[in-house]
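All chains, please: the whole structure from these sequences, using the hints.
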Amino acid sequence: MQLWLPEGLANPLGKRMLALMFVRLLVLALLLGIIAAYYLREVVLGDFSSTFLVGTVAVAFLLSAVFLVWMRSGKHLEPLAHAQLVLDQLTWTAMVYLSGGVTSGSSSLYGLSCLSGVILLGSAGALSSALAGMLSYLALSLAFAYGVVLPPPDQSTSAYVVDGQAMVYPVFSTLMATGLVAMLAIYLAERLRTT
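At position 184 of the sequence shown the residue is numbered 184 (this note's numbering), and the sequence of numbers has no breaks.
Don't read these hints as lab results, they were simulated from the structure. Given the structure is predicted, the values throughout are model-derived calculations rather than measurements. Be aware that a few hints might be false.
Okay, the calculated beta carbon distance ranges per label pair [said to hold, decoys possible]:
1. Leu30 x Leu192: 23 to 31 Å
2. Leu184 x Val66: 26 to 34 Å
3. Leu192 x Gly46: 46 to 54 Å
4. Leu150 x Gly122: 33 to 41 Å
In silico lysine to any residue, SDA-like type, Cα no more than 25 Å apart, as pairs [as the list claims (entries may be wrong)]:
5. Lys15 x Phe67
6. Lys15 x Thr195
7. Lys75 x Gly122
8. Lys15 x Arg191
9. Lys15 x Gly122
10. Lys15 x Val69
11. Lys15 x Leu192
12. Lys15 x Arg72
13. Lys15 x Val59
14. Lys75 x Phe61
15. Lys15 x Leu80
16. Lys15 x Leu188
17. Lys15 x Ile186
18. Lys15 x Arg193
19. Lys75 x Arg16
20. Lys15 x Glu190
21. Lys75 x Met21
We put the CB at the ideal spot given by N, CA and C, even for glycine.
In structure tokens, the structure reads:
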């Protein structure tokens, strides 16, 4: 049984974008629950962190709806896919900020978006996603190091590394891991394509 899909979603890229949009929204919903239950368990609803978290997820869901409407047209799907990947990395950066900053386990989501990129657009998608993730994570790290961004006011500052020297290893390892996941995804996609 074939499901009816608008023209924009019936082509291979549109189908992949639709599937990954579903996965993205599922991951966002799960992440919302995990962060709320673990990181924000002592935060009062309506405080900075809970408002920031709900706002970030709401914006991500809203943008997904906008992307879905755009996808239905079937026009400019490749630039739209790149925009989705960049916005995913910015969303993960907001989650990293909220869940421990530079040392947050949520930084592993940058690699997930690199995998999404290679699935959607091949090596160009993985590279643009990796670059967006690495730059946004590095910007957040530098903002913490220079005091431009402070830990959320309603969370314990001891959970956040804000000293530039103490950030070197976590920043290096996150950037290297993101780059490595992107390169490995590209390599495996190329091997799969040529065999």
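Hints versus structure:
no., hint, result
1, Leu30 x Leu192: 23 to 31 Å, "holds (28 Å)"
2, Leu184 x Val66: 26 to 34 Å, "holds (32 Å)"
3, Leu192 x Gly46: 46 to 54 Å, "holds (48 Å)"
4, Leu150 x Gly122: 33 to 41 Å, "holds (39 Å)"
5, Lys15 x Phe67, "holds (13 Å)"
6, Lys15 x Thr195, "holds (23 Å)"
7, Lys75 x Gly122, "holds (19 Å)"
8, Lys15 x Arg191, "holds (22 Å)"
9, Lys15 x Gly122, "holds (15 Å)"
10, Lys15 x Val69, "holds (14 Å)"
11, Lys15 x Leu192, "holds (20 Å)"
12, Lys15 x Arg72, "holds (11 Å)"
13, Lys15 x Val59, "holds (23 Å)"
14, Lys75 x Phe61, "holds (21 Å)"
15, Lys15 x Leu80, "holds (13 Å)"
16, Lys15 x Leu188, "holds (21 Å)"
17, Lys15 x Ile186, "holds (20 Å)"
18, Lys15 x Arg193, "holds (19 Å)"
19, Lys75 x Arg16, "holds (15 Å)"
20, Lys15 x Glu190, "holds (21 Å)"
21, Lys75 x Met21, "holds (17 Å)"
Comparing the model with each numbered hint stated earlier shows that all of them hold.
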